[in-house]
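In the order they appear, the protein sequences are chains A, B, C and D. Throughout the first sequence, residue numbering follows this note's numbering, covering 17 to 153 in sequence. Throughout the second sequence, residue numbering follows this note's numbering, covering 17 to 153 in sequence. Throughout the third sequence, residue numbering follows this note's numbering, covering 17 to 153 in sequence. Throughout the fourth sequence, residue numbering follows this note's numbering, covering 17 to 153 in sequence.
Don't read these hints as lab results, they were simulated from the structure. Heads up, some of the hints might be wrong.
Intra- or inter-copy, both count: the list cannot distinguish identical chains.
[Said to hold, decoys possible] Dumping the calculated DSBU-like pairs for lysine-lysine here, alpha-carbon to alpha-carbon at most 35 Å:
id	residue 1	residue 2
1	Lys26	Lys87
2	Lys26	Lys41
3	Lys131	Lys118
4	Lys25	Lys87
5	Lys25	Lys41
6	Lys131	Lys87
7	Lys118	Lys53
8	Lys136	Lys26
Now for the letters of each chain:
Protein chains: 4
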Amino acid sequence: MTELEEFIKKIPFLAHINVELVSIKEGYCEILMPISKIHFQQNGFVHAGVQSTLADHACGVAAATIAPEGKTILSIEFKMNMLRPAVGDQLIAIAKIVKGGKTIVVTEAEVFTIKGNERKMVSKMQATMMVVDIPKN
Amino acid sequence: MTELEEFIKKIPFLAHINVELVSIKEGYCEILMPISKIHFQQNGFVHAGVQSTLADHACGVAAATIAPEGKTILSIEFKMNMLRPAVGDQLIAIAKIVKGGKTIVVTEAEVFTIKGNERKMVSKMQATMMVVDIPKN
Amino acid sequence: MTELEEFIKKIPFLAHINVELVSIKEGYCEILMPISKIHFQQNGFVHAGVQSTLADHACGVAAATIAPEGKTILSIEFKMNMLRPAVGDQLIAIAKIVKGGKTIVVTEAEVFTIKGNERKMVSKMQATMMVVDIPKN
Amino acid sequence: MTELEEFIKKIPFLAHINVELVSIKEGYCEILMPISKIHFQQNGFVHAGVQSTLADHACGVAAATIAPEGKTILSIEFKMNMLRPAVGDQLIAIAKIVKGGKTIVVTEAEVFTIKGNERKMVSKMQATMMVVDIPKN
Chain A
17 MTELEEFIKK IPFLAHINVE LVSIKEGYCE ILMPISKIHF QQNGFVHAGV
67 QSTLADHACG VAAATIAPEG KTILSIEFKM NMLRPAVGDQ LIAIAKIVKG
117 GKTIVVTEAE VFTIKGNERK MVSKMQATMM VVDIPKN
Chain B
17 MTELEEFIKK IPFLAHINVE LVSIKEGYCE ILMPISKIHF QQNGFVHAGV
67 QSTLADHACG VAAATIAPEG KTILSIEFKM NMLRPAVGDQ LIAIAKIVKG
117 GKTIVVTEAE VFTIKGNERK MVSKMQATMM VVDIPKN
Chain C
17 MTELEEFIKK IPFLAHINVE LVSIKEGYCE ILMPISKIHF QQNGFVHAGV
67 QSTLADHACG VAAATIAPEG KTILSIEFKM NMLRPAVGDQ LIAIAKIVKG
117 GKTIVVTEAE VFTIKGNERK MVSKMQATMM VVDIPKN
Chain D
17 MTELEEFIKK IPFLAHINVE LVSIKEGYCE ILMPISKIHF QQNGFVHAGV
67 QSTLADHACG VAAATIAPEG KTILSIEFKM NMLRPAVGDQ LIAIAKIVKG
117 GKTIVVTEAE VFTIKGNERK MVSKMQATMM VVDIPKN
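Bound conformation, chain A alone (with noise of 0.2 Å):
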């Protein structure tokens, strides 16, 4: 799995962003970003895009470790509820998949604000992910 996560931190967007990757496992991943004031919206708190980015990525590396060699993952499309304003030290998205397919992975994530020792979901979303050829750029 090293191979995947080195790959993973030359993602320029989320290096721009400072995301960094906990955890891979099959079907799971989870990654964090240590939040800072880049991340707010107009009332200090985390963007909900911001928000969307981690987990969308979670739900990709998730859905890439079930895919077949030669084969990479996009995002088709997401849905994302925003539950609550998004304060803290640090957010992790949590993405795990629903139901593995040859073409098509459903996945979902949840993202979490840590503060101290607490924990609270700020969205959940829920993705829809296909299997396609690696492009050729």
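Based on these hints, arrange chains B, C and D on the given structure of chain A.
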């Protein structure tokens, strides 16, 4: 509407990803972002999280144009379909109101890439916004 | 297109709720249902499940108009916003294609109530359809 | 809780498609429907519209269990993924609350087919409910 424009420019996460405001009218908002490497996912396409940030924000601003004084808008939820790989010089999100209400405003946004004279729709969002009191930090 | 219309009239659940087909064009479908008491939820409004049935079906037929021979359409997922209570004489769903593809067709549908000359949008769906081989029963 | 059960049995559309209520607890609802030919789409599978009716209704009832007196629940929006063809003797929707709030209650439902001893998840919904005053007809 200039105050609203000023307000938007001060949002930290939008500044961090180089979002610019183009146009606000009643029930309508257009925002633009010059595409650079910081926005890419692993295949050199604009990350779906970036697209959803623009789309969500445009929806929120479109909804805010009909909110009463002393009120602001929070995103309750959004759903977005990625239609094709997002490649180009600029990303633009155009949002409008589907149905305005006292508490709930339903909106939608189309996201396009622009490359020279060519404009392609790369994603589409349907989003639910809620009219709330301005949070006190 | 008459074969497709014949085909649609034989769908048991649509017959059970009195759905009628109005119009099919390439990438477009309109279906209509006279509203009666059988469609109501607890407050005398048309149940959201009825609205989603019409919208989903119209999306599927719109997508089917661009499917190659020997292929059919399955709904992968849909998202629907209910915009106002659905009250009237007829319910009509109008679907069109947002983006057609070989495997995935993204569609949307608007659902209206009709009462006399008045037409009101009561819900809006964004739906993802997949082109598949015709299942053998 | 018996009053709530009585209330549910009188809902016309649920009666029309043979929905039965199984179980209500705080923040939880299970509803069941014996599958028959009336529920089929063109390939002999339970129509996605039937599945969404059950899932949406179970979500609404789960949300209603935490609504204050004099209030009721309306569905604002839902999103559902169809996971596999729905074939079996019974369809069951199990809903729970993801996050309760004064105005907004976020819920989710899993829909299963039952055939003999076998139970398969066929769809999953994430839905946003709103606490409103009971409408006066």
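Which hint numbers does the structure go against, in order from smallest to largest?
-> The structure breaks none of the hints.
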